[in-house]
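Got chain A sorted already, so can you dock chain B onto it with the hints?
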Amino acid sequence: MTTTEETPIGYGRMHRKEDVRFLRGHGTYVDDVTLPGMLHGAVLRSPYAHAKIVSIDTSAAEAHPKVRAVITGETLAGLNLAWMPTLSNDVQAVLATDKVRFQGQEVAFVVAEDRYSARDALELIDVDYEALEPVVDARKALDPDAPVIRDDVEGRTDNHIFDWETGDKARTDEVFANAEVVTTQDMLYPRVHPAPLETCGSVADMDPITGKLTVWTTTQAPHAHRTLYALVAGLPEHKIRVISPDIGGGFGNKVGIYPGYVCSIVGSILTGKPVKWVEDRSENLMSTSFARDYHMHGEIASTKDGKILGIRVKVLADHGAFNGTAQPTKYPAGFFGVFTGSYDIEAAHAEVTGVYTNKAPGGVAYACSFRITEAVYLVERLVDVLAHELDMDPARLRMKNLLQPDQFPYQSKTGWEYDSGDYPRTLAKALDLVHYDDLRAEQAKRRESGSQELMGIGVAFFTEAVGAGPRNKMDILGLGMADGAELRIHPTGKAVLRLSCQTQGQGHETTFAQIVAEELGISPEDIDVVHGDTDQTPFGLGTYGSRSTPVSGAATAVVARKVRERAKIVASAMLEVGADDLEWEKGRWFVKGDPGAGKSIQDIAMAAHSSLELPEGIEGQLDATCVYNPPNLTYPFGAYVCVVDVDAGTGQVKVRDFVAVDDCGVRINPMIVEGQVHGGLADGLGMALMQVMAFDEDGNHLGGSFMDYLLPTSMECPSWRLDETVTPSPHHPIGAKGVGESATVGSPAAVVNAVVDALKPYGVRHADMPLTPAAVWCALRGKPFRTDLAIT
Amino acid sequence: MRITVTVDGTEYSDEVEPRTLLVHYLRETLGKVGTVIGCDTSNCGACTVHLNGHSVKSCSVLAVQADGCEITTIEGLARDGQLHPVQQAFHDNHALQCGYCTPGMIMQSIDLLADNPDPDEKAVREGLEGNLCRCTGYQNIVRAVRDAAHHMSPGAGPEAERVSEDVRAPSAIGGE
Chain A
1 MTTTEETPIG YGRMHRKEDV RFLRGHGTYV DDVTLPGMLH GAVLRSPYAH AKIVSIDTSA
61 AEAHPKVRAV ITGETLAGLN LAWMPTLSND VQAVLATDKV RFQGQEVAFV VAEDRYSARD
121 ALELIDVDYE ALEPVVDARK ALDPDAPVIR DDVEGRTDNH IFDWETGDKA RTDEVFANAE
181 VVTTQDMLYP RVHPAPLETC GSVADMDPIT GKLTVWTTTQ APHAHRTLYA LVAGLPEHKI
241 RVISPDIGGG FGNKVGIYPG YVCSIVGSIL TGKPVKWVED RSENLMSTSF ARDYHMHGEI
301 ASTKDGKILG IRVKVLADHG AFNGTAQPTK YPAGFFGVFT GSYDIEAAHA EVTGVYTNKA
361 PGGVAYACSF RITEAVYLVE RLVDVLAHEL DMDPARLRMK NLLQPDQFPY QSKTGWEYDS
421 GDYPRTLAKA LDLVHYDDLR AEQAKRRESG SQELMGIGVA FFTEAVGAGP RNKMDILGLG
481 MADGAELRIH PTGKAVLRLS CQTQGQGHET TFAQIVAEEL GISPEDIDVV HGDTDQTPFG
541 LGTYGSRSTP VSGAATAVVA RKVRERAKIV ASAMLEVGAD DLEWEKGRWF VKGDPGAGKS
601 IQDIAMAAHS SLELPEGIEG QLDATCVYNP PNLTYPFGAY VCVVDVDAGT GQVKVRDFVA
661 VDDCGVRINP MIVEGQVHGG LADGLGMALM QVMAFDEDGN HLGGSFMDYL LPTSMECPSW
721 RLDETVTPSP HHPIGAKGVG ESATVGSPAA VVNAVVDALK PYGVRHADMP LTPAAVWCAL
781 RGKPFRTDLA IT
Chain B
1001 MRITVTVDGT EYSDEVEPRT LLVHYLRETL GKVGTVIGCD TSNCGACTVH LNGHSVKSCS
1061 VLAVQADGCE ITTIEGLARD GQLHPVQQAF HDNHALQCGY CTPGMIMQSI DLLADNPDPD
1121 EKAVREGLEG NLCRCTGYQN IVRAVRDAAH HMSPGAGPEA ERVSEDVRAP SAIGGE
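Sequence order for the protein chains is A and B. Following the numbering used here, the numbering of the first sequence begins with 1 at its first residue and continues without gaps. Following the numbering used here, the numbering of the second sequence begins with 1001 at its first residue and continues without gaps.
These aren't lab readings, by the way, just hints derived from the structure by calculation. C-beta: ideal position from N, C-alpha, C; glycine also. Warning: the hint list may mix true and false statements.
[As the list claims (entries may be wrong)] Distance condition first, Cα-Cα at most 20 Å in a straight line; then the derived EDC-like pairs of lysine to aspartate or glutamate:
#, chain 1, residue 1, chain 2, residue 2
1, A, LYS314, A, GLU486
2, A, LYS304, A, ASP344
3, A, LYS17, A, GLU509
4, A, LYS304, A, ASP391
5, A, LYS66, B, GLU1017
6, B, LYS1122, A, GLU716
7, A, LYS66, B, GLU1015
8, A, LYS654, B, GLU1075
9, A, LYS760, A, GLU509
10, B, LYS1122, A, ASP657
11, A, LYS99, A, ASP57
12, A, LYS562, A, GLU486
13, A, LYS140, A, ASP163
14, A, LYS568, A, GLU486
15, A, LYS99, A, GLU130
16, A, LYS330, A, ASP90
17, A, LYS400, A, ASP432
18, A, LYS562, A, ASP594
19, A, LYS562, A, ASP581
20, A, LYS592, A, GLU576
21, A, LYS562, A, ASP645
22, A, LYS654, B, GLU1126
23, A, LYS17, B, ASP1040
24, A, LYS273, B, GLU1028
25, A, LYS314, A, ASP280
26, A, LYS140, A, GLU716
27, B, LYS1122, A, ASP645
28, A, LYS99, A, ASP152
29, A, LYS66, B, GLU1028
30, A, LYS307, A, ASP152
31, A, LYS568, A, ASP580
32, A, LYS562, A, GLU583
33, A, LYS654, B, GLU1121
[Stated by the list, open to error] In silico contact screen, one side only, chain A against chain B (beta carbon under 8 Å); selected entries:
#, residue
34, PHE22
35, GLY25
36, HIS26
37, ASP32
38, LEU35
39, PRO36
40, GLY37
Bound-form chain A, shown alone (with noise of 0.2 Å):
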């Protein structure tokens, strides 16, 4: 691996903290939290897409002898839970009561003393469905005899959510009536899941006596679940407390409210007792937050030559039965409007349609952070495809059209503001690094032998849009995206840091513990970091979105310096000099002229703490507290190149070789940022060729194990070739950019431009996710098809 210009702070490439438990098998789990008395929950779940409740009879699950409790629509809707607000102000059904609306949706809970017991009350449940004709393909949810999936809400005729658009529509539309080419694809973002390894669930524990509720759950955003378990259910905020451990993987797919907590709720309440309820990977796969669903017609306007002018896209979004996306409010389908990407046009406009269909709600998930992922892989296929039409080598084509460093600050045509950048280094690079020439030598040597086994090269060049966000713009059912942070130095010069982000195995116990070292002299095994408790830290919209170190990492950085300041203060008296005499080096303060006269933070922190007499107004001990509301998001870029191996025969895609580029400003801990591009690699790589779920014309699911949701295993990933370039963040305060996405933002399509590539000769000009060897061997015979449904 070649780390050129590493400029990680203080610690540098640190090795984690937290391994020490994971290794042992001593991290903590949802699941592995047991409680005196705790019963067990499970979920029935409708086998229909879309079918009236006639009648639920549970008189037999009841009877079971290990069954303390059935739950039903019936019995939330007289607590007034059937149904519960969603991310994007739809209304979701806890338990069905009038209709089922999609397959694996939640009809029952059940309550029993072990689990093995609660599934096999399941059984003796009997539910008599009326089936409903789904809606499964999204491009017919707006037909005009498309059965209407919610006619819970009254006056209700069809199956649209939202339109909502961006750009300037009159400008692009001249752009594009006047320019020499224009070209055209339509392209299906398939949809998918982030099947983190450790599904969904959580344990309940409501106190009687006390009237507290204790939550340990599987949440990216423990303080909003809090707020909203306030909001729902009517307890006061400060009686319940949400505890999110360990989380074996997020990947968006933990950020929202699910049925099954709820209901783990409702059971300790009506049964006194805690209730754990862990779901398996079909109903995790099943029922919660989907990813993608895009259906997207793109433009591209240019001038022969290859000057991009315009873009112009139109997007069906299939939002399932329930609009539950989490997106800031203001942006129904989220941060799409970054579609164009890392290229300097002179006008752009989107439009996108949200629709209900017979399926699962979410959208965003799966390290998307805000639709990016569909963003930048519309306007790199697009890209492609105009480079095909203009015989055009794609690297040059991008190469022409990328923003120039100078250019930075960049407003762009759909209103975005990206703060730094120097995408033609790190294209360059990139090329450099791959042997882009000898590449495209050796493919036309291969063309011309007339080989079976097809060579592609695909580039993309994305630019994300992370660090949600500016709270005047930005906020999450009201709630603004500022973030909290909490440093407290105790007297011996240990520290404590408290933030309401929240890891699932990003390094946050690792990495933050730097930023606080670098600031202040201390070294990271001497600062706890604590998250996840709301009891213990400061308010905050949780990790998602790439927004810990853009948002939470600023915040620590700030709070750091407010210690560092008091610490000044505290110097000053202990010295006898004033605060202006004194000047800081890492660890230290000391009088100016006078290295020798100073005081380390470990003697300033116990002085802070004694009966030093300090100034008036400064109360003594050393802490500090910081609310960092961000003043833009940060956008990091980055550069993959994706050679592929495709056997004409068989249609079996090979990832010879990738190579990633990005550029995340300052790195924090480069060891860990390398490990969230190899996975976010894997991610990217697993979606074009691998994920999709799809679904029959009754709305069966048809990815909902892992038997028939494919992610890559060791076999399928290559051995990822990373390099970096280093853009510092200018607002940010140690100008760190967020970058767990970027991966997963950036590699679909490198994959899939790169296997297009290989089919080139077969005329191929575009094939939709995922590029499994059927689709790959179909689109060679001319008869590409769409991957979201089973019958077309």
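Same frame as chain A, now just chain B:
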């Protein structure tokens, strides 16, 4: 049904239902929650433990089938506070993130190294095909296994976790 098993060096005797999966017996009866569950179709390998020295997916074994057997879980690897060389190599090479696949991945890696004390990259990837990871993209795991092999050889082969006293001494590579 009463079963008697030795888990991480301690003998246990318990009444279990015949249908009880080994992974649930380990987690819920014995409290060995280091071994975790990631799927319901035997694909992910997060529940991998050693049964008489060989790796098995404990979600696909009944507890009654383990009667009379010796089981090692992730919790039984480190001895006297010192990590097994494979655990240490996972740490050194940043081969884990969320940590959820890690116990199974480490148990499978030890089994793999027992079969092949010095595997090349391809052999490691093949040997770990039954273990899914959602965080690492596998690269650092592959590196860690090869790194561990170099620290364990020679003679760390068969039943690596049980001959640990012999292999551990020369392979101490800096503690945590």
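Going down the list of hints, with the structure as the test:
Restraint check for LYS314(A) and GLU486(A): the C-alpha separation of about 45 Å exceeds 20 Å, so the hint is violated. Restraint check for LYS304(A) and ASP344(A): the C-alpha separation of about 17 Å stays at or below 20 Å, so the hint holds. Pair hint LYS17(A) plus GLU509(A) holds up; C-alpha atoms about 7 Å apart against a cutoff of 20 Å. As the CA atoms of LYS304(A) and ASP391(A) are separated by approximately 10 Å, the hinted pair is consistent with the 20 Å bound.
With a CA separation close to 15 Å, the supplied pair LYS66(A) and GLU1017(B) stays within the 20 Å bound. Only pairs whose Cα atoms come within 20 Å are accepted, and LYS1122(B) paired with GLU716(A) is accepted, the gap being roughly 11 Å. Distance check on the hinted pair: LYS66(A) and GLU1015(B) sit about 18 Å apart at the alpha-carbon level, within 20 Å; holds. The straight-line distance between the Cα atoms of LYS654(A) and GLU1075(B) is roughly 38 Å, outside the 20 Å bound, and the hint therefore fails.
Proximity of LYS760(A) to GLU509(A) is assessed by CA-CA distance (about 47 Å); at most 20 Å being required, the pair is judged violated. Distance hint between LYS1122(B) and ASP657(A) is fulfilled; the C-alpha atoms sit about 15 Å from each other, no more than 20 Å. Taking the CA atoms of LYS99(A) and ASP57(A), the gap is near 15 Å; set against the 20 Å cutoff, the hint holds. Note on LYS562(A) and GLU486(A): the hinted pairing holds, with a Cα-Cα distance of about 10 Å set against a maximum of 20 Å.
Under the criterion of a C-alpha separation no larger than 20 Å, the hint pairing LYS140(A) with ASP163(A) is consistent with the structure, at around 16 Å. The hinted pair formed by LYS568(A) and GLU486(A) meets the criterion: a straight-line CA distance of about 19 Å does not exceed 20 Å. Restraint check for LYS99(A) and GLU130(A): satisfied, since their Cα atoms lie roughly 9 Å apart, inside the 20 Å limit. For a cut-off of 20 Å, the pair hint linking LYS330(A) to ASP90(A) stands: about 14 Å separates their Cα positions.
The straight-line distance between the Cα atoms of LYS400(A) and ASP432(A) is roughly 17 Å, inside the 20 Å bound, and the hint therefore holds. Of the pairs offered as hints, the one joining LYS562(A) and ASP594(A) is violated, with about 24 Å between alpha carbons and a cut-off of 20 Å exceeded. Taking the CA atoms of LYS562(A) and ASP581(A), the gap is about 18 Å. The hint holds against a cut of 20 Å. Distance check on the hinted pair: LYS592(A) and GLU576(A) sit about 13 Å apart at the alpha-carbon level, within 20 Å; holds.
In summary, the hint linking LYS562(A) to ASP645(A) is not supported, as the alpha carbons are separated by about 55 Å, beyond the 20 Å threshold. Annotation: proposed proximity of LYS654(A) to GLU1126(B) holds, straight-line Cα distance about 15 Å (limit 20 Å). Restraint check for LYS17(A) and ASP1040(B): the C-alpha separation of about 31 Å exceeds 20 Å, so the hint is violated. Of the pairs offered as hints, the one joining LYS273(A) and GLU1028(B) holds, with about 18 Å between alpha carbons and a cut-off of 20 Å not exceeded.
For the hint linking LYS314(A) to ASP280(A), the alpha-carbon distance of about 37 Å lies beyond 20 Å, and the restraint is violated. Restraint check for LYS140(A) and GLU716(A): not satisfied, since their Cα atoms lie roughly 36 Å apart, outside the 20 Å limit. Distance check on the hinted pair: LYS1122(B) and ASP645(A) sit about 18 Å apart at the alpha-carbon level, within 20 Å; holds. A C-alpha spacing of about 9 Å is found between LYS99(A) and ASP152(A), which places the hinted pair at or below 20 Å, so the restraint holds.
Simply put, LYS66(A) and GLU1028(B) have alpha-carbon atoms about 17 Å apart, close enough for the 20 Å limit, and the pair holds. With a C-alpha separation of about 50 Å, the suggested pairing of LYS307(A) with ASP152(A) is violated against the 20 Å cut-off. As the CA atoms of LYS568(A) and ASP580(A) are separated by approximately 9 Å, the hinted pair is consistent with the 20 Å bound. With a C-alpha separation of about 15 Å, the suggested pair LYS562(A) and GLU583(A) falls inside the 20 Å cut-off, and the hint holds.
Under the criterion of a C-alpha separation no larger than 20 Å, the hint pairing LYS654(A) with GLU1121(B) is consistent with the structure, at around 17 Å. Interface restraint check for PHE22(A): the shortest CB-CB distance to chain B comes to about 3 Å, inside 8 Å, so the restraint holds. Given the 8 Å rule on beta carbons, the hint for GLY25(A) holds: about 2 Å separates it from the nearest Cβ of chain B. A cut of 8 Å between beta carbons decides the hint on HIS26(A): the least distance to chain B is about 7 Å, and the hint holds.
Interface hint status for ASP32(A): upheld, as the beta-carbon distance to the closest one in chain B is roughly 4 Å, under 8 Å. The beta carbon of LEU35(A) comes no nearer than 13 Å to any beta carbon in chain B, farther than 8 Å, and the hint placing it at the interface is violated. A cut of 8 Å between beta carbons decides the hint on PRO36(A): the least distance to chain B is about 14 Å, and the hint is violated. Hint status for GLY37(A): violated, given a least beta-carbon distance of 15 Å to chain B, over 8 Å.
Taken one by one, the earlier hints fail for this structure at numbers 1, 8, 9, 18, 21, 23, 25, 26, 30, 38, 39, 40, listed in ascending order.
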